[in-house]
Amino acid sequence: MEYDFRKIEKEWQAQWKQNGAYRVKNDFSKPKCYVLDMFPYPSGAGLHVGHPLGYIASDIYSRYKRLKGFNVLHPMGYDAFGLPAEQYAIEHGVHPAKSTVQNIDTFRKQLDNIGFCYDWDREVRTCEPGYYKWTQWIFLQLFNSFFNRATRKAEPISELTAEFEKNGNTGHACPGDASISFTAEQWKGYTEKEKQDVLMNYRLAFCGYGEVNWCEALGTVLANDEVVNGVSERGGHPVVKKKLRQWYLRITEYADRLLEGLETIEFSEAMKEMQTNWIGKSYGAEIDFKIVSGESSGVSEQVTAHTSPLTVYTTRPDTIFGVDFMVIAPEHELIESITTPGQKQAVEEYITYVKSRSDRERQAEKKISGCFTGAYAVNPFNGKQIPIWISEYVLAGYGTGAIMGVPCGDERDHKFAKHFNIPITNIIGEQYNGVDANPTKDAKLENSEFLDGVVMRDAIGIVNAKLEEMGIGKKKVNYKMRDAAFSRQRYWGEPFPIQWKNGVAVPLNETELPLLLPEVDSYSPGPEGEGPLANIPAWVAKELETNTMPGYAGSSWYFLRYMDPHNTETFCDRKLSDYWNQVDLYIGGTEHAVGHLLYSRMWTKVLFDLGHIGFDEPFRKLLNQGMIQGSSRFVYRLKGTQKFVSLGLINNKTYELDQTDPIRVDVNFVDGVELDLEAFKKWRNGEYANAEFILEDGKYICGSEVEKMSKSKFNTVNPDDLVDKFGADTFRMYEMFLGPVDQSKPWDTKGIEGVHRFLKKLWRLFFDEVKGKIWTDEKATAEELKVLHRTIRKIEEDTERFSFNTAVSAFMICVNELSDLKCHKREILEPLVIMVTSYAPHISEELWKALGNENSVLDAAFPTYEEKYTIESSKEYPVSINGKVRTNINIALDATAEQVQEITLANELVQKWMEGKALKKFIFVKGKMINVVI
RNA sequence: GCCCUGGUGGUGGAACUGGUAGACACGCAGGACUUAAAAUCCUGUUCGCCGCAACGCGAGUGCGGGUUCAAUUCCCGCCUGGGGCACCA
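Here the first sequence is numbered in my numbering, starting from 246 and rising by one per residue.
Keep in mind that the hints are not guaranteed to be accurate.
What the hints assert, rightly or not - Cross-link-like lysine-lysine pairs, in silico, DSS-like; alpha carbons within 30 angstroms at most: (1) K725 with K746; (2) K1018 with K1005; (3) K926 with K888; (4) K343 with K995; (5) K411 with K378; (6) K517 with K535; (7) K711 with K526; (8) K866 with K884; (9) K1094 with K270; (10) K953 with K1018; (11) K1120 with K1157.
Simulated from the structure, these hints should not be mistaken for laboratory data. This structure is a prediction, so every number in the text was calculated from the model and none was measured.
Could you put the whole structure together from the sequences, leaning on the hints where they help?
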């Protein structure tokens, strides 16, 4: 009997589907385990081998937990709103809903091929009204809430208005605009519009104005990565900043909770660090500097004082005497009023230049640029006049959009000063070498008047106190994180359940949800950068919001919907969210480190605060999967010919690389690096049918390069092909065998044979080609039990710590050893099959049934490790002389240190190496090693 | 530029808390079975040197230093691949 994986896999998949083997019941009597994959965006390209890496890992873990007796929720769905479908619609006129459904069908077929244990009855699609009704509902929760800084949680906005009626806003500083302040009397006197404008500054979902990348020629807003060097990626049209009305989520109010929450969840240290840095909490001070505008004209200087001060944010107020210049963002509102006539033109030119630059370009730019405004700030402590510059490296959105430049203590300031020949004041004496800035906090201050001799670290508090005393500054906690832009001028997203009445945003009634996304004739942008919904007269007539929600809206709460996917009364029944609770294991890529993961954490906290769920962190444990990269293959065409040169002939300089055009070829007809000439000639409808080849050793060898796996690079490998050739079980195990699940690596199909051979070898423990079934009910030997129990321990350990690659190799070792022992005993094989189940379910179910079991192996009990079978009495100790291993000595494990030393020193080889020299030190680590130091 | 992360044989990787570097596979080489092939099995395979041989010597985990009886593992400096940087998902 041969291992006929095609037949086995097809039969069992049908069987499992038929009897609902993966249907999950809300069985509260069992311990639960929630294992979740980050759901995919169903792109038109379908699944490539990179996608299933995490899915296989989570599938193995889910099945493992099921064998361990848990009720496992393991669902899958689709993040189905998104830009690509809309772009496709613009180009091909196909409605995004239609292309999305088609793509989902493709994804589903591909996923089914691999034999996942998803409960498809719980599938969610974020673009379906039954789902986005609740996305809209949660938006209304956000809209109707504010963050109470006293209780540190979200509360209904109605409680805030009640409070305003009584005490004005004295107890609730306004997060949106700190200058807003009113008494109860004033509040009561406000018009409805005025009240709503105030409340907008408190709401967790609020409307404001923000800058976007505006492309006039395309009439649309572009993402940062659609903008290259100031022009649109498509078409190369100019892109400028434009202010548009936008929705935002007030995530900054949750900054501290998001930071604190990190301590309660198991994310990698790297991930926590990234989120911490993103939130970017810093302690510093805001300092007001008086401004004077001066036109230096020879001897006399005409100076005019300016009314509003320049407020800077700094984390280092201790360096106040080292300030040699100020830098303000090119968007800073003071620029217009402080720029001197002489500098006006230069400033305007500089601002025009900056407008064409993205934030990222501005920060990444190595070349220093800037422009003097002509104005000076006055150091409040010593009256020194400090020139005010504009530079692109200061961003308007961070702090106050203005910094004080301290060149001796900050590298970027230092380069700026050197570049513009601004004299540098040294306030740290020898600690500054004149060449590089020194950001130390431990130096003693010099040239700092009342701070001279004070250690910088201690000076911070002194300066802060002084600033507050003088009324020109205050301590300030600052966050790098900004409120999250929550609207897009696009079609394919959730409509906002908002109507605009006389400039006031009025939420729809809950009973009016879902507000359905209407049909449109054209997916092109609306007037003035508005979304396509602005093109629909009926929509506009109802005064409905024309923006739609961004991609991350639906994904911010989907893990809750899986618990109760068909509920039409509520987004998720509280009883069910109490049972299923947090996601126990969440698997996905690091690319979501600061986007999706922060937003969903915030939404969870809001829903918790408002009492809709009982936990405030969504993901108890996060496992990041590495990215599978493509390995592209190149052929080298001699310029202007149809002749292709093999790589070796370029490497040995028979031909030069720059004589050729390197062309990517489809990796699927390259075996390793050897090109299949016939397949290449037939490729792309015979585009290369007339190709001639200059071979080496009768072969054409391709060049290779590791890059992102993508259709356009012809380096994608489709899992379907591999499943067809080797089977799902082989494919699953091979993906795991490739390496640690959290590490990125290029895909290489070559090694898959090894895993396939392993499964065949496993099969042959049960069946012989000629004799058929060969397993027996004989009693297992001690040796065989040792092999089994070592494997149980290893598989359990490795699966628990997500080390799936070493688990696969442990299976290989086990099967190799059992084959060597010619062990065909049920007592050994049956537990082995149960263990293999989570990794290779199809073959396991088949072998399980062959052993005569009636029930499914999916619900078998994971074997229990028993130490008594694996205990060793002695160990082959490696013996080092001065750290170099020279020999091995077998010593009983219960030998004492003295005995070990005696045995070791008596050893002939050890004596030879010691050459009669005296023993300096004897190191013995029980169960590990021996080191003799001489 | 900033933040995070990786770098070990020809290849993917193993070494879990500082304790035998290269498990397990791929590939390659040689052999067995076979008329032949496929399949399967066996042997070898980090590099260099000496050698009939090895249970022989030396080097070796991106590079350069350091700590230690002992470093792939800890520390400092550098080189380099990947991810993210707020409208791709």
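Given the hint that K1120 pairs with K1157, test it: the Cα-Cα distance must not exceed 30 angstroms. Distance ~23 angstroms between K1120 and K1157 Cα, so the pair holds.
Regarding the pair K343 and K995, is the alpha-carbon distance no greater than 30 angstroms? At roughly 38 angstroms apart (the allowed maximum being 30 angstroms), K995 and K343 break the hint.
Starting from K711, check that the Cα of K526 is at most 30 angstroms away, please. OK: K711 and K526 at ~23 angstroms, within 30 angstroms.
Between K866 and K884, is the straight-line Cα distance small enough, at 30 angstroms or below? violated, 54 angstroms
Decide if the proposed pair is consistent with the structure: K1018 and K1005, CA atoms, cutoff 30 angstroms inclusive. The given pair, whose Cα atoms are some 14 angstroms apart, holds under the 30 angstroms limit.
Can you confirm whether the C-alpha distance between K926 and K888 stays at or below 30 angstroms? holds, 12 angstroms
Between the alpha carbons of K411 and K378, is the straight-line distance 30 angstroms or under? violated, 36 angstroms
Take the C-alpha atoms of K517 and K535, compute the straight-line distance between them, and say whether it is at most 30 angstroms. Roughly 40 angstroms between the alpha carbons, so the hint for K517 and K535 is violated.
Within 30 angstroms, alpha carbon to alpha carbon, are K953 and K1018? violated, 47 angstroms
Starting from K725, check that the Cα of K746 is at most 30 angstroms away, please. violated, 34 angstroms
Can you confirm whether the C-alpha distance between K1094 and K270 stays at or below 30 angstroms? The hint holds at about 25 angstroms.
In the structure shown, a violation is registered for the earlier hints numbered 1, 4, 5, 6, 8, 10, in ascending order.
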